[in-house]
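Novice: Listed below are the residues making up each chain.
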Amino acid sequence: MDTMQFIIGKFNYWIYIVLMMIGFYAMIAKRNLVKKIVGMNIFQTAIILFFISTSSKKGGATIPIIQGGHGDAAGHVIDAAQYLNPLPHVLMLTAIVVMVSTFGVALALLIMIYREYRTFEEDEIYETLEVMRLKK
Amino acid sequence: MKFFAFIVVLFTGALLIYGTVDMPDWGDPGSAPNSHVSPRYIEKTLEETATPNAVTSVLADYRGYDTLGETTVIFTAGVVCIMLLRRFR
Chain A
1 MDTMQFIIGK FNYWIYIVLM MIGFYAMIAK RNLVKKIVGM NIFQTAIILF FISTSSKKGG
61 ATIPIIQGGH GDAAGHVIDA AQYLNPLPHV LMLTAIVVMV STFGVALALL IMIYREYRTF
121 EEDEIYETLE VMRLKK
Chain B
1 MKFFAFIVVL FTGALLIYGT VDMPDWGDPG SAPNSHVSPR YIEKTLEETA TPNAVTSVLA
61 DYRGYDTLGE TTVIFTAGVV CIMLLRRFR
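If you're matching them up, the sequences are chains A and B in order.
Under the numbering used here, the first residue of the first sequence is numbered 1, with each subsequent residue one higher.
Under the numbering used here, the first residue of the second sequence is numbered 1, with each subsequent residue one higher.
Only chain B is shown next, with the shape it has when bound in the complex:
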């Protein structure tokens, strides 16, 4: 069983390494994640949100709904933990 699991892991790893051939090089300034929307965030963050820290402005301003969902997730996790660990007697 462990041998079978090892084979599965090796196969998945080989598949992922084959997939990295098409990935952009490390630190490439013109790669896809660095080229479309993030330069606009960096250039406009001071002008539009008056926040020098681009991470803060994206987290709390441009993508505020994402953060709302994040707080929903952690609230749900807290409620589930309380429901599971409460002693019923």
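If we strip away everything but chain A, and leave its shape as in the complex, we get:
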């Protein structure tokens, strides 16, 4: 059952890789700029899921909030194996903020592109640019 253990231990990474590759394909193959941005968001979501999954611990670990924190339990020994790893959660909070920021700036840029060219399609933007270049 060694192969089975291997698959059970690693299949979460494979799910994130599949999700990430869906986003990657949308980023490099789609012609619509909105779909490219949605692909970038899927990519970032896959990375966030990957980091969160590294914080899990088997064997009855719970969320990283110390039980009985305020008051009576202060001073007793805390076993780190009882609580999930807080560090990936913190890093992914930062990553979510960066993701929202890039998403907002990208959408603002898209609005500017739409005001200029009246389309989101890359091909039509290139055609317009070509027409403008020939007019000069």
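Accuracy of the hints is not assured; some may be wrong.
To be verified - Pairwise CB distance ranges (calculated):
1. 6/A with 82/B: 47 to 57 Å
2. 72/B with 131/A: 33 to 43 Å
3. 11/A with 12/B: 13 to 23 Å
4. 82/A with 21/B: 25 to 35 Å
5. 30/B with 124/A: 54 to 64 Å
6. 37/B with 63/A: 10 to 20 Å
7. 60/B with 82/A: 35 to 45 Å
Derived by calculation from the structure, the hints in this document are not laboratory data.
Even glycine gets a Cβ: it sits at the ideal position worked out from N, Cα and C.
Once you have looked at the hints, place chain B on chain A.
Specialist: For chain B alone, kept in the frame of chain A given last:
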């Protein structure tokens, strides 16, 4: 062109899946991200910061500069959005 993109995606995915062979198993308590600095955060959070929630204490106390940079990022994004979307006439 789309076929070429599909080949690139397949190649990258295969490379990443090859990389997962050396990754720790899911939920392994002794894996690298769970073993060095995070047990210290969990054990010392009550003693040093008086905050039961380890995520809060790491975010706002141990790694406060990280959060400062995060607020800088979101402030910059807000300024850029305003500059882009403002009508100039």
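Novice: With respect to the beta-carbon atoms only, verify the hint that residue 6/A and residue 82/B lie 47 to 57 Å apart.
Specialist: holds, 51 Å
Novice: Tell me if the beta carbons of residue 37/B and residue 63/A are separated by a distance inside 10 to 20 Å.
Specialist: Since residue 37/B and residue 63/A have Cβ atoms about 19 Å apart, the given range 10 to 20 Å holds.
Novice: Determine whether the Cβ-Cβ distance between residue 30/B and residue 124/A falls within the hinted range of 54 to 64 Å.
Specialist: holds, 55 Å
Novice: Tell me if the beta carbons of residue 82/A and residue 21/B are separated by a distance inside 25 to 35 Å.
Specialist: holds, 30 Å
Novice: The hint says 33 to 43 Å between residue 72/B and residue 131/A; measuring C-beta to C-beta, is that right?
Specialist: With Cβ atoms ~41 Å apart, the hint holds.
Novice: Is the distance from the Cβ of residue 11/A to the Cβ of residue 12/B consistent with 13 to 23 Å?
Specialist: Hint holds: Cβ distance 19 Å, inside 13 to 23 Å.
Novice: Is 35 to 45 Å a correct range for the gap between the Cβ atoms of residue 60/B and residue 82/A?
Specialist: With a Cβ separation near 23 Å, residue 60/B and residue 82/A fall outside 35 to 45 Å, so the hint is violated.
Checked against the numbered hints above, the structure breaks only hint 7 and satisfies the rest.
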